[in-house]
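Chains as they are written, first to last, in the numbering used here: chain W, 25 to 164; chain H, 25 to 164.
Everything labelled a hint here was simulated from the structure, so no lab data went into it.
Because identical chains share one entry, a pair is satisfied inside a single copy or across any pair of copies.
SDA-like mimics (lysine to any residue), calculated; alpha carbons at most 20 angstroms apart, straight line:
no.: 1; residue 1: 130; residue 2: 77
no.: 2; residue 1: 130; residue 2: 78
no.: 3; residue 1: 127; residue 2: 74
no.: 4; residue 1: 141; residue 2: 114
no.: 5; residue 1: 90; residue 2: 141
no.: 6; residue 1: 127; residue 2: 71
no.: 7; residue 1: 127; residue 2: 37
Protein chains: 2
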Amino acid sequence: MIKIYFAGSITGGRNDQELYVELINYLKNKGKVLTEHIADPQLKDSGEIGKLSAKEIFDRDVGWIKEADVIFAEVTQVSLGVGYELGLSESLDKKIICLYRPKEGKRLSAMINGNNKFLVKEYQTIDEAKIIIDDFFKDL
Amino acid sequence: MIKIYFAGSITGGRNDQELYVELINYLKNKGKVLTEHIADPQLKDSGEIGKLSAKEIFDRDVGWIKEADVIFAEVTQVSLGVGYELGLSESLDKKIICLYRPKEGKRLSAMINGNNKFLVKEYQTIDEAKIIIDDFFKDL
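All chains, full assembly: derive it from the sequences and hints.
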């Protein structure tokens, strides 16, 4: 079974948490999602700290990235952690897809959009995202 | 002369642009700052696109990271690009320092704060930052 690391914003802001739920639920049809907690509505932008130390979170997440076959990042909500995960994943030669919802007055970082190791796909609706996901996993 | 890659937010938001000016001006006493444009008040969160393509920006910045001896990141303003640059820099075994201004209700990503390859230093004022910078470059 394909292992998927879903990357989404936690401390960067939780505005897209409900979308993460829908994406992760759909990704579960394609493989095992290692980071299901990112969809958790109880998880606030204060993060998991309190339950786990920053080092424990870091070690766990880096372990999952190493274990994953695919890195699936929703990059619309700006996040330092997601950016780091993408840089680390690239250095480990992982297969990486970034989903982005363009918005008037906003711009995706050139470090993501200009990087030809990343497959960047734009969308607006969950139905469009599902088609992108289907195509991506069909081609794997 | 030591080459410094200063990493700060562009498309993630330009709230800290004036602080970047002060930090970069001080860093110029310590070495050559490759990314002086990050302090430019004309540079908005729409980024440099228009003048350069995303790929041109990406290629230039990755080139600078490879060339740099030190990566100096201001990580308070959340940025996908800065996160990516930190992940890439770590994979290239660069010396990395992250400056962070703690704020009520905000939390630094565990991917940065829990990573023992990064020297993370907290501060509030530019004078505190200058002391951190002095200490860091003294120890190099």
